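A.B. asks: Each chain, letter by letter, is given below.
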Amino acid sequence: MNKITIDHLFLTYSDGKESLRDINLGIAEHAITVLFGPAGGGKSTLLRVLNRLNDLADVTLVAGKVLLDGENILDPKTDVIRLRRKVGMVFARPVTLPLSIRGNLTYGLELAGVRDKSRLDEAVERSLTQAALWEEVKERLDDPAVALSGGQQQRLCLARSLALEPEVILLDEPTSGLDPISTGKVEASLQELKQHYTIVLVPHSVQQAARTADYAAFFLQGELIEYAPGKDIFIHPKNKRTEDYVEGRFG
Amino acid sequence: MATQSSSASRLATQRIGFSLMTLMTLLTVTPILLVVAYIVWQGAPAISVEFLTGFPREGMKAGGILPAIVGTFYLTLGTAVFAVPLGLGAAIYLSEYAPDNRWTRLIRLAIINLAGIPSVVYGLFGLGLFVLFLRFGTSILAASLTLSIMTLPVIISTAEEALRAVPQSFRVVSISLGATRWQTIRRIVLPQALPGILTGVILGLERAAGETAPILFTGAAFFLPRLPHSPLDATMALPYHLFVISTQVPGMPVEIQYGTALVLLVFVLGMNVIASVIRSRARAKRQW
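First to last, the protein sequences are chains A and B.
Sequential numbering of the first sequence, starting at 1, is according to this note's numbering.
Sequential numbering of the second sequence, starting at 1001, is according to this note's numbering.
You may find that some hints are simply not true.
Here are the simulated lysine-lysine pairs, DSSO-like style, with alpha carbons at most 30 angstroms apart [claimed, not checked]:
hint: 1; chain 1: A; residue 1: K194; chain 2: A; residue 2: K117
hint: 2; chain 1: A; residue 1: K138; chain 2: B; residue 2: K1285
hint: 3; chain 1: B; residue 1: K1285; chain 2: A; residue 2: K117
hint: 4; chain 1: A; residue 1: K240; chain 2: A; residue 2: K17
hint: 5; chain 1: A; residue 1: K185; chain 2: A; residue 2: K65
hint: 6; chain 1: A; residue 1: K138; chain 2: A; residue 2: K77
Okay, the calculated bits of chain B under chain A, using three or more residues with CB under 8 angstroms as the criterion [to be verified]:
hint: 7; region: 1179 to 1185
hint: 8; region: 1188 to 1199
FYI, nobody ran anything at the bench for these hints, they're computed from the structure.
Small disclaimer: the values here were computed from a predicted structure and weren't measured.
Glycine included, each C-beta is placed from N, C-alpha and C at the ideal position.
Same shape as in the complex, but just chain A (with noise of 0.2 angstroms):
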């Protein structure tokens, strides 16, 4: 089953270079999907018109459609507030805000109104827990979020996304910054959290990729080259380029 279906999509920079070429794409409900290939692909751009971070940048839409659950989601009429509560993101670079560390989980749900202190708390404790960040941090939620680790600061960025129950959870190359051990605790959490959520992963590399892809799309200068469920991709790419890429010939 489709949660996401992309349909024809084409997009411009504002300078008037194509970033996204014709793609076409299915992302399913429940599984980790995984956008790969080179720097400068499109990966990260497709993975902002998702939840309409593209509005920030200078990116024209030129074509098509994007359907989550059915609805287009580029129309103008858009509730772009309600969507990016449904789709949340996970960032290269651990940002957290100025904040404390509960400070960072309840933001989103004070502004979408939630002032009830025990369902506040009980959204703390569920986000960090699913994160695995909760037994780390549970005795300083109060204290400024910046006094975490770099590994910490990403999984409570992780947690600041699942506090608002989206359904859907962007992540643009979320463990590029962290060491090999807190990117294994990011990779364990994902795969938990694909019980509940649908998942579109940018993985900071080929291996990243391989270990997480329920379905995986490689990307390729704005065009979308082969697109596979499971390992399929990784161990008989149908593509030559998919292959060279995947076998480390360029890249």
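Mind docking chain B on chain A? Use the hints.
C.D. replies: This is chain B only, laid out in the frame that chain A set:
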């Protein structure tokens, strides 16, 4: 051997260079120290309870300068009331909302040019617009409005700079969590930029407090030995009073002149110290 001697001579050149630069730095600090020291030395004998809390007597040659102190306080306050909301609003618009187009570039250019206008021209403008056309008369209101316009560019540009210094990533993250632009500004950007904004506000007000020309035609009274009753009252003010007793009154005791200068200096430098404290406290607490 040749390389050794040339490295020795380069070392000598460097020493001379450093000494010269140290000397120049000291030279720039000297005038301010001399000015402050001289005014304290000349003015301190005049400072007394009567001088700070009394009204001028005997054609300002005796008594106190309370009306001028209170007047400058009111003028500074009035300037803040008009200039801070206006300046902050403009800065938020320019930093957070305005697209980069010909129109906003024109606005920026206008603000920069506003900062370059001589203060006496502001005074004349205030006379024409606030005193005469809007019939506020020579009053605290008219003078405060005139000082506000003069202060706006300082407040706008420092506040805009402080807002821009807040990392863009905070805004993106906030918006990705379902915040509107305004919620992002109010809850994340403004609190982070506040120390920088306050510093700019205080520096702007400090300049306004020390100006003579803009209030000369718009609100300052030559001699008015009572406290102002309303914003539509004229008032004495420290900088103008200093000008008057230094040039317009023959036989003025020197220590009253320097005493007045000392009070003005303490008023202005005091604001400066507050700004520095706010800035250094905020730096220590900053989370990025």
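A.B. asks: Give a verdict on every hint.
C.D. replies: Quick rundown of the hints versus the structure:
Among the hinted pairs, K194(A) with K117(A) is consistent with the structure: their alpha-carbon atoms are about 28 angstroms apart, no more than 30 angstroms. In summary, the hint linking K138(A) to K1285(B) is supported, as the alpha carbons are separated by about 23 angstroms, within the 30 angstroms threshold. Our distance criterion of 30 angstroms between C-alpha atoms is met by K1285(B) and K117(A), whose separation comes to about 27 angstroms. Restraint check for K240(A) and K17(A): the C-alpha separation of about 26 angstroms stays at or below 30 angstroms, so the hint holds.
Distance hint between K185(A) and K65(A) is unfulfilled; the C-alpha atoms sit about 35 angstroms from each other, more than 30 angstroms. Straight-line distance between C-alpha atoms of K138(A) and K77(A) comes to about 41 angstroms, which puts the hinted pair past the 30 angstroms bound. Requiring three or more residues with a Cβ within less than 8 angstroms of a Cβ of chain A, the coverage given for the region 1179 to 1185 of chain B holds, as 3 such residues are present. Residue count for the region 1188 to 1199 of chain B with a Cβ under 8 angstroms from a Cβ of chain A: 3. That meets the three needed, and the coverage hint holds.
The structure is inconsistent with the numbered hints 5 and 6, although it conforms to all the rest.
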